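Between the sequences and the hints, there should be enough to build the whole structure, so can you do that?
Spelled out, the chains give:
Number of protein chains: 2
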Amino acid sequence: MKIALAQLNFHTGNFALNTGKIISCLEKAKKEDADLVVFPELCISGYPPRDFLEFSDFIRLCQEQVDHIATFCNGIAAIIGAPSVNPQVEGKDLFNSAFFLYDKKVHSIRNKTLLPTYDVFDEYRYFEPNRNFEIITYKNTRIALTICEDLWNINHNPLYITTPMDELIKQQPNLIINIAASPFSHQQLTNRTRVLQNNARQYQLPVIYVNHVGAQTELIFDGGSMVLNSKGETVKQLNYFKEELSFITTAEIDSLPAEIKTQDKYASIYKALVLGTHDYFDKLGFKQAILGLSGGIDSALVLCIAAEALGKENVRAVLMPSQFSSDHSVSDSLKLVKNLGVKHDIIPIEKAFNQFRELLEPVFENRPFDLTEENMQARCRGLILMSMSNKFGYILLNTSNKSELAVGYGTLYGDMCGGLSVIGDLYKTEVFDLCHYINRTAEIIPDDILTKAPSAELRPDQKDSDSLPEYDVLDPVLYAYIEECKGPKEIIAAGQEAKVVERILRLVNLNEYKRHQTPPILRISPKAFGMGRRMPIVAKYLI
Amino acid sequence: MKIALAQLNFHTGNFALNTGKIISCLEKAKKEDADLVVFPELCISGYPPRDFLEFSDFIRLCQEQVDHIATFCNGIAAIIGAPSVNPQVEGKDLFNSAFFLYDKKVHSIRNKTLLPTYDVFDEYRYFEPNRNFEIITYKNTRIALTICEDLWNINHNPLYITTPMDELIKQQPNLIINIAASPFSHQQLTNRTRVLQNNARQYQLPVIYVNHVGAQTELIFDGGSMVLNSKGETVKQLNYFKEELSFITTAEIDSLPAEIKTQDKYASIYKALVLGTHDYFDKLGFKQAILGLSGGIDSALVLCIAAEALGKENVRAVLMPSQFSSDHSVSDSLKLVKNLGVKHDIIPIEKAFNQFRELLEPVFENRPFDLTEENMQARCRGLILMSMSNKFGYILLNTSNKSELAVGYGTLYGDMCGGLSVIGDLYKTEVFDLCHYINRTAEIIPDDILTKAPSAELRPDQKDSDSLPEYDVLDPVLYAYIEECKGPKEIIAAGQEAKVVERILRLVNLNEYKRHQTPPILRISPKAFGMGRRMPIVAKYLI
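Line order of the protein sequences matches chains A and B.
So for the first sequence, the numbering used here puts the first residue at 1; every next one is plus one.
So for the second sequence, the numbering used here puts the first residue at 1; every next one is plus one.
Hint data in this document are derived by calculation from the structure and do not stem from the laboratory.
Fair warning: there could be bad hints in the mix.
When chains are identical, the list treats them as one kind, so a pair holds in a single copy or across two.
Listed next, the in silico DSBU-like pairs over lysine-lysine satisfying Cα-Cα at most 30 Å (straight line) [what the hints assert, rightly or not]:
{"no.": "1", "residue 1": "K242", "residue 2": "K231"}
{"no.": "2", "residue 1": "K271", "residue 2": "K514"}
{"no.": "3", "residue 1": "K2", "residue 2": "K30"}
{"no.": "4", "residue 1": "K540", "residue 2": "K514"}
{"no.": "5", "residue 1": "K391", "residue 2": "K351"}
A quick note: this is a predicted structure, and the numbers were derived from the prediction, not measured.
As structure tokens, this is what we get:
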């Protein structure tokens with residue numbers, strides 16, 4: 001049997017686009033004499049459709065697409081992911097389903113058993129878990145059809161009390177197919193391959209795995225669909241970060257040589273952020289970006305990513321020096337925009353800042369210059385950038401990094417403005433590493449930007465390290481707390497200074513209110529700020 | 001048996017406060033010779049603890065509190081809600097539990113079966129559902145101990161395939177106790193009473209129901225704990241929106257007369273918003289609020305609520321007229337601040353606005369005045385308010401209403417600034433109704449504010465109705481889409497004009513990106529913007 005793996009970039013709720021892509025793949029696969037085309041989980045709706053699933057109108061549209069696609073399944077079968085209505089009155093109203101289409105109709109439906117409801121996933125919010133297990137027989141192949149998480153209950157601390165393959169194996173399948181919506185994180189590539197390997201080995205079956213590619217707001221799907229033989233070796237690996245339609249015959253799976261594609265951490269993060277930025281604009285129907293270029297490393301990195309994602313002609317950088325800006329901030333920025341060939345403007349903010357100080361003088365009286373005046377400068381810049389965004393139809397890119405978002409070292413409605421946070425899931429130390437990756441063959445980002453001490457330049461001679469621990473102390477503590485959910489005792493026991501740890505964790509929790517109002521953040525780690533980390537604002541833990 | 005109902009205001013993660021309140025109630029109940037004190041669901045941690053539940057340090061602290069509280073249970077028993085660790089390796093690591101404390105130790109633990117995972121609830125994110133059912137026998141009373149949602153599977157389209165009381169009733173209990181964390185909405189009071197009634201009637205048992213009171217960020221718990229007899233009549237009803245410790249004996253339940261407390265919709269919404277505002281400040285350790293007073297109805301209403309919640313001496317209103325402000329905007333606002341006895345400032349924004357126009361002239365060239373310049377004014381005001389907030393330690397109150405948040409009729413980083421959105425869950429027509437409620441005995445809000453046509457006053461002679469349908473057309477369409485999840489076909493079929501409906505739904509979906517960055521919104525409806533409504537930003541449905 002010849003099977004096509006259709007790794008496509010879908011768009012949530014864009015039925016015309018998604019169905020069009022699916023039908024086009026079916027037609028191509030027919031020409032290649034394929035017997036079956038496998039599409040990803042919930043590809044009809046795009047993933048995640050989130051609360052659109054609560055609209056019966058949306059579900060009706062999904063069903064219409066499935067029925068329409070079925071009419072193209074003559075002489076070929078398709079597996080497509082879509083929501084289906086639970087026929088039982090008890091339980092949630094929907095299943096997360098894999099439709100097996102054949103002979104121009106819906107031949108059978110298999111439902112997802114394990115519903116990820118953690119981190120960025122909310123599946124039990126919408127779906128009833130499956131409790132019936134049945135393989136699908138097609139052209140003498142006995143297929144254990146599973147959906148993403150269904151294969152993931154294979155570790156030492158399983159999240160679920162059921163393991164679908166333990167049920168399906170009783171019916172003696174000879175192939176596992178898994179349709180997935182598995183978003184990128186820099187640890188996910190390894191985890192995912194290991195999980196699929198473990199399944200192939202445990203059940204001694206080949207595995208065909210088809211994933212989404214493309215970004216949906218903060219989630220970036222990296223593709224990386226693959227075929228494993230029954231020894232758990234990868235014998236086919238599709239592209240990362242690109243659409244692909246690829247073919248394999250069941251006969252050849254166990255004879256193909258094992259191939260291993262590895263990805264460097266920063267190479268894959270870079271590609272992920274470029275794709276994430278590109279798709280955010282493309283799927284919203286925007287072409288052009290604006291951002292403030294401070295002379296620091298964060299905005300320099302975002303500018304590089306934006307120029308790659310959107311084309312240098314579609315990015316506009318604005319330099320907004322104040323009386324506290326160093327000369328090299330402007331000169332370093334000018335070098336960078338020249339290297340990239342990006343358009344720029346220089347708009348000094350001093351007059352606007354002074355105007356507000358004058359307006360507020362009767363209220364502030366003789367109170368000293370403090371954080372207020374620092375924030376005022378950041379907000380003058382935000383106002384200028386948003387005005388240009390409004391006037392010309394640009395999306396403003398936010399340039400905050402994860403370290404500063406964590407401890408609240410940023411101004412709400414100032415440098416925290418923007419439609420998309422490009423590097424908000426990179427710790428400052430990772431920002432440096434990614435810049436070095438970009439500069440690996442030539443100096444794109446001027447060396448001076450990479451070597452000077454980080455500073456917000458909002459008062460004379462300011463440095464980040466005046467207010468914060470050095471980043472090589474700060475970042476490991478943040479990682480232990482945010483990614484690893486360790487408490488203060490554990491982090492201190494691991495060798496960090498108690499006072500520093502307590503201060504950092506307190507800052508993280510105190511600044512939940514700021515993060516509540518940040519733009520969506522492109523997720524590249526296993527625990528990003530945003531939909532995957534849900535914290536109360538009014539809470540006293542560690543504060 | 002004498003039972004105390006302890007309806008208390010807890011603070012998420014504030015173990016010292018929560019445990020202190022619990023112990024203090026236990027001591028009071030001992031003096032009253034009570035046999036049992038019933039506290040609400042997850043009262044140890046506060047509800048909802050959200051992702052703090054993923055920190056084993058947090059769970060350890062919860063367990064320490066339970067053990068400590070148990071030492072006070074000599075001669076008295078207590079039922080308290082707290083997370084407990086799932087002893088099985090399979091499944092989620094925690095249960096949402098009711099601890100029965102007696103004889104200075106944990107006598108038994110009962111776990112929640114039905115885990116609400118919809119709207120604002122995320123319980124399956126953290127907890128494994130219970131599958132074992134056992135009543136608790138204490139002083140000859142056979143107690144069916146259930147936790148909140150456990151009693152809610154009692155309707156025509158049940159969300160769950162299990163109904164805990166159907167299992168427990170087999171063991172012949174003679175009392176149902178339900179500990180809850182059931183947040184307020186203006187429809188919830190009726191729903192909740194009906195659900196408890198249905199349980200009492202179906203199982204022919206009295207019900208003791210104990211709920212939280214107090215606000216946790218956006219969720220407002222209204223209390224309203226109650227006792228129903230086995231005919232489903234309410235024989236005791238605790239206060240709404242106030243802490244209370246109340247006693248009842250099991251013997252008297254079936255002999256007490258039925259009492260019915262009803263709440264007017266706007267009276268209860270007003271109390272909810274006052275409590276929500278008060279607790280947001282109080283639990284964050286803030287005392288004072290600032291807000292911009294435009295002369296319109298929204299900011300007028302927020303000022304009234306803030307003055308009631310925080311005390312008039314703790315609220316500062318800022319009038320920021322521009323060249324487009326009408327004279328009556330200032331005079332109406334001055335009347336209002338005088339009526340309320342609130343401090344005010346007048347800071348005209350014209351100079352700041354003109355300064356930015358001058359700075360941007362080289363970039364904007366001769367492009368006409370458009371939405372950009374309107375947004376610039378709103379952002380100048382936001383900057384002034386945030387500067388005062390920073391300088392003096394005020395929290396800025398946001399004054400957006402639900403109608404304008406729905407269609408994006410507001411300026412991000414301008415009038416959408418703020419730490420808390422007080423009326424963001426009230427449609428504009430409800431804003432009017434609530435103002436009339438406030439004015440029911442005296443003219444607090446000047447009549448002119450209530451009768452003039454709504455306007456943002458950002459260009460000459462502007463009215464909301466220039467850009468939007470009239471609110472009595474807009475609001476019903478929004479309600480059908482947001483609260484009722486109806487699609488365009490259904491809304492049009494119900495008699496609304498097709499073009500208007502399509503335009504409104506398109507605006508709602510297009511402006512998801514703005515709502516992503518709003519402050520937390522006090523929830524008073526069954527479907528508020530925020531954590532209970534999760535929409536993709538990059539999506540094409542109805543756009």
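How the hints compare with the structure:
{"no.": "1", "hint": "K242 - K231", "in the structure": "within (27 Å within a copy, 64 Å between copies)"}
{"no.": "2", "hint": "K271 - K514", "in the structure": "both (28 Å within a copy, 27 Å between copies)"}
{"no.": "3", "hint": "K2 - K30", "in the structure": "within (11 Å within a copy, 76 Å between copies)"}
{"no.": "4", "hint": "K540 - K514", "in the structure": "both (16 Å within a copy, 29 Å between copies)"}
{"no.": "5", "hint": "K391 - K351", "in the structure": "both (21 Å within a copy, 21 Å between copies)"}
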